[in-house]
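Here the protein sequences come in this chain order: R and D.
Using full-length UniProt numbering, read the first sequence as starting at 1 and increasing by one per residue.
Using full-length UniProt numbering, read the second sequence as starting at 1 and increasing by one per residue.
Simulated from the structure, these hints should not be mistaken for laboratory data.
Among the hints, a few may not be true.
Claimed, not checked - Below, in silico cross-link-like pairs of lysine to aspartate or glutamate (DMTMM-like), each with a Cα-Cα straight-line distance of 20 Å or less:
{"#": "1", "chain 1": "D", "residue 1": "K356", "chain 2": "R", "residue 2": "D272"}
{"#": "2", "chain 1": "D", "residue 1": "K356", "chain 2": "R", "residue 2": "D139"}
{"#": "3", "chain 1": "R", "residue 1": "K134", "chain 2": "D", "residue 2": "E347"}
{"#": "4", "chain 1": "D", "residue 1": "K387", "chain 2": "R", "residue 2": "D138"}
{"#": "5", "chain 1": "D", "residue 1": "K109", "chain 2": "D", "residue 2": "E359"}
{"#": "6", "chain 1": "R", "residue 1": "K77", "chain 2": "D", "residue 2": "E391"}
{"#": "7", "chain 1": "D", "residue 1": "K356", "chain 2": "R", "residue 2": "D83"}
{"#": "8", "chain 1": "R", "residue 1": "K270", "chain 2": "D", "residue 2": "D262"}
{"#": "9", "chain 1": "D", "residue 1": "K265", "chain 2": "D", "residue 2": "D240"}
To be verified - Looking from chain R toward chain D, a few residues come up when the C-beta cut is under 7 Å (computed):
{"#": "10", "residue": "S41"}
{"#": "11", "residue": "G44"}
{"#": "12", "residue": "L46"}
{"#": "13", "residue": "R52"}
{"#": "14", "residue": "Y88"}
{"#": "15", "residue": "N280"}
{"#": "16", "residue": "L281"}
{"#": "17", "residue": "P283"}
{"#": "18", "residue": "I285"}
{"#": "19", "residue": "Y287"}
{"#": "20", "residue": "A289"}
{"#": "21", "residue": "P293"}
{"#": "22", "residue": "A294"}
{"#": "23", "residue": "M296"}
As the list claims (entries may be wrong) - Between beta-carbon pairs, the in silico distance windows are:
{"#": "24", "chain 1": "D", "residue 1": "K356", "chain 2": "R", "residue 2": "Y79", "range": "53 to 63 Å"}
{"#": "25", "chain 1": "D", "residue 1": "D112", "chain 2": "R", "residue 2": "N221", "range": "18 to 28 Å"}
{"#": "26", "chain 1": "R", "residue 1": "A192", "chain 2": "D", "residue 2": "S266", "range": "22 to 32 Å"}
C-beta atoms are modelled at their ideal positions from N, C-alpha and C, and glycine is treated no differently.
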Amino acid sequence: WVPVVGLEIHAQISSNSKLFSGSQVQFAAPPNSLVSFFDASLPGTLPVLNRRCVEAAVMTGLALNCSINKKSLFDRKHYFYADLPAGYQITQQRVPIAVNGSLSYSLCVDNKMSQMVTKTVRIKQIQLEQDSGKSLHDDTRSQTLVDLNRAGVGLMEVVMEPDMCCGEEAAAAVRELQLILQTLGSSQAVMAEGQLRVDANVSVHHPGEPYGVRTEVKNINSVRFLAKAVDYEIQRQIEELENGGTILNETRAFDSKLGCTVPMRDKEGKQDYRFMPEPNLPPLILYDAKSLPANMNHQQVVNIDWIHERLPDLPSVKRAKLVEQYGILPEHSFTLL
Amino acid sequence: AALKGGMRFQVSAALREGRVTPTELCQRCLSRIKTTKFLNAYITVAEETALKQAEESEERYRRGQPLGVLDGIPIAVKDNFNTAGIETTCASNMLKGYISPYNATVVQKLLDQGAVLLGKTNLDEFAMGSGSTDGVFGPVRNPWSYSRQYKERSDPKSHSEDEESNWVITGGSSGGSAAAVSSFTCFAALGSDTGGSTRNPAAHCGVVGLKPTYGLISRHGLIPLVNSMDVPGILTRCVDDAAVVLGSLAGHDPKDSTTVQDNFKSFELPNLTDVSKLSIGIPKEYHAPGLSSEILSLWSKAADLFKNAGAKVMEVSLPHTRYSIVCYHVLCTAEVASNMARFDGLEYGHRSGMNKSTEIMYAATRREGFNDVVRGRILSGNYFLLKQNYENYFIKAQKVRRLIADDFVKVFGSGVDILLTPTTLSDAVPYMEFIKEDNRTRSAQDDILTQAANMAGLPAINVPTALSQRGLPVGLQFIGRSFQEKQLLTVAKWFEKQVKFPTIQLEEVKRHNHDISQHQKSASFS
C-alpha cells in the first residue's frame, strides 16, 4: 500500500489589524471586543485590504520558493454558519497570490539522530482569506454563543501537494513551515493558540494504480496529534480496504482522547459554495523593480523585489551557517533550530 | 418663493444675505413634509436633529462663516443610506427599527458642508423595483398626480373622489427622493442608481436626476444592491444644483476601494452658448419597443434643437443594447443573492422567534424579513451561481456586459461627445395600472433605456423636458464619457435652458387628515 498525504494549512497572519478592516488582532480578548462594523457585516460596509497582510503573504511565498502572482483576485465563498456574519468568506479561489513553490524538510532515518534525510513537498499555492469567528454550542441551554473577535483576521492558506507518505513526514513538514513563518514574522504559527490549523488529506492505493478516495481529517490541535491522526487514518483505510470495504470521500475529526478519527457530523451532500468575484475589491496588483512605475513611491505599492531583499535568513540557511561556522553535525543543527 | 428656488443661485444667496434663515427654511420644509404626507415620500422625518443642524448653520451665517453653498440647505436621503442615529430600513421588515451606528460617506460629506438632513425617503424594498411601490411602508405617490396640470388634462369623469385611485407612480426605486424634491420639501435628495433608479423617478417626477460615473462617488454606507453597478444618485430641481451636490460628494474614499484615486477637480458649470463644436449621438436601438409616440416625438424635437443650434447630430448604433436586460438580470440577481446572505437575524435586524435550530431561525428570519421580490431575486441569483451554471450564466453575462460597455467605447471613440436618448418609455402610469404586472416584468420593461449606462459605468442624467398630453413630466437622458461629468452637465444645463420645463402647480389638496393653515396657503404655490 502507498499512503498519500497532502495538507491544507491555515496560518493566521501576524498583523496589528485584520485583513479587510481596522479592528485589532489579539488572542484571548473579551468576546466581541475586537469587532468593527465590517467584521459584524453591518450593511453598507466595505472591505479595505490590509497592506501588511499582503506583505506577509509575499514574504511567505518567496520563502517557499513560489512564483508571486503580480495580479491576484478576490472571491466570495458562500455558506451559512453562525460564525460567518456576511454569509460568505472573502478568499482567493481563482487566482491566489502565490503558486508553485516547495518546502524542504528533514527527517531522522530509523529514529536515530545520526542520519537525516531531506525531503521536499511541493507547495501548490498560498491564498489570502478571512478567518471566521468562533461559535460555542451550548446544548444544555439549546443556544449557540458567537464570538466575532476572530472574524476577519487574515489567514494564509498554504496548500501542500500530496507528496508526503506518513504522519512523521507531515509533522516534519509542518514543523519546518512553523519555523519559517516564525522567522519571517508573517505568522506566530502556534497551533495551541489557533494561529496554525492543519487539515490532512489522506488516501491509500496500490503501487501503479490510481490514487484512492481521500478523506479530510480536521480538528488536529498539535503537531504530535497530526502525526498520530495521519498514521491512524492510513491504517484505518488500509484495514477497511483489505476487509473489502470502501473509503468514503468524507470529512473526519481527530479524537485526541481516543486516538482515532471519527466521521464528522453529516453535512448533507456536497456544499456548492457559489463562488463569485468579490466586486468591492479591485485586482491586487504587485510590482517588482522592473514593473514599478517611475512616479510611485514604495509607500503606495507592494514591491516584491524590495521584500525579497529584506528577507531574513531562513532556518535552513541558519543551520547551514551553524554547521559551517562551528563545525557541528547537520543533525545537531536540527536540534538547535 | 424661497422654497421653489434653485439652491445655487437663489436660496444660498438668500441665506447669505439674511433674507431667510436656516431655521426658517428648515421649518418651512418640515411643515411642507407634513402637508404632503399623503405622498408617502418620507419613511422617517428627523425633525429634532434637523432643527438642531439648522440652528448650528444659522450661527455660522451670523458669524459670517458659512461652510459653503450647501450650508443650511435642507436635503433628504434615500433610506438605503446609513445615517447614524437615524433609522435605516431599506423599506424592509428586515431592517425595521435598525439604527445605524455610522454615516454613509456621502451623508457625512453633506453634513460636513452644513446641509440639514430632513429625513429618509421611501423606496422599493432594498431598491428592487421601478415604481417605488414595493416597500413595506407602502407606495410613493407622484406629486404631479395632484398638480393642476395633470388634473386639467385628465378625464373629466374622474373627479376628486377618484383621485384616490387615479394617482400616478413616481417610478423607482428612488421615488421618495424624487417626490421629495419635486414637491418642494427639500432642495436636493440622494438616491441610488443601479439600473436607472435615480433617472427613472426623476423623469416621472419632473426633476433632474444624475447618475455619476461608477467610482467617482463613494458607496461606503450605501446598502448595496449590485456592488459593481450601484452609484449614489443626485436629485435636484435644476442642473446647477446637481453640479453643486456632485462637487461636494465626488472624490476618492479610502473606505471604498472601488473609488478612483485621481483627485477630483470640482468645477463651475459654464453657461454654454455655442454648441457648434458639440457632437450628439442618437442611438437607434433606444427607439425601443413600447416607446410612446409622444416621447419619440420629443426626442426628435430635442435632436432638432441641437441641430438648429449648430451642433453635429448623428445616428449611432449600440448593437448589444437588446441583450442588456437579460444580462442585467443574471448579474443583478447573482450579486443580490450574495449581498443578502448577511441578513440572518444574528447581529442586527429582524430575528425570527422560530429558533429551534440555527437553520430554522435563518430560514424563518429571511422569509419574514424579505418581500417576494427580494426572495425571488435571491433564488434566481443562487441558481446562476451554482457550479454547474456559473459558466453558462454568470461568466456569459460578464462577457455580454463587456460587449455592451465596448459599444459605448466605440461610439465615444468615433467623435461623439454626448448621447441623447429618452429616459422612460412613457409618462408615469397610474398606480392601479402599474400593479397589474409583477415587479420583475415592470423592472424589465422600465430599465431598458437606463440600464446600459450602469453596465458601462458611465455618467448619465435625466433632464425634465416637457409635459405629456396627460400633463405629466417627460424627461430626456444624456449619457456622457467616463468621468466627464463637467461636459455632461454643461450640455444638460444648456438643454434645460432651452426647454424651460414648467414648474409644478400643486393644488391644495383638501384631505380629511390634514389641517390647512393660512401659513400653508401663502408659503408655496403660485
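Verification of the hints:
no. : hint                           : verdict
1   : K356/D with D272/R             : violated, 25 Å
2   : K356/D with D139/R             : holds, 12 Å
3   : K134/R with E347/D             : holds, 14 Å
4   : K387/D with D138/R             : violated, 35 Å
5   : K109/D with E359/D             : violated, 40 Å
6   : K77/R with E391/D              : holds, 16 Å
7   : K356/D with D83/R              : holds, 18 Å
8   : K270/R with D262/D             : violated, 45 Å
9   : K265/D with D240/D             : holds, 16 Å
10  : S41                            : holds, 4 Å
11  : G44                            : holds, 4 Å
12  : L46                            : holds, 5 Å
13  : R52                            : violated, 16 Å
14  : Y88                            : holds, 6 Å
15  : N280                           : holds, 5 Å
16  : L281                           : holds, 6 Å
17  : P283                           : violated, 11 Å
18  : I285                           : violated, 12 Å
19  : Y287                           : violated, 15 Å
20  : A289                           : violated, 22 Å
21  : P293                           : violated, 13 Å
22  : A294                           : violated, 17 Å
23  : M296                           : violated, 11 Å
24  : K356/D with Y79/R: 53 to 63 Å  : violated, 20 Å
25  : D112/D with N221/R: 18 to 28 Å : violated, 51 Å
26  : A192/R with S266/D: 22 to 32 Å : violated, 56 Å
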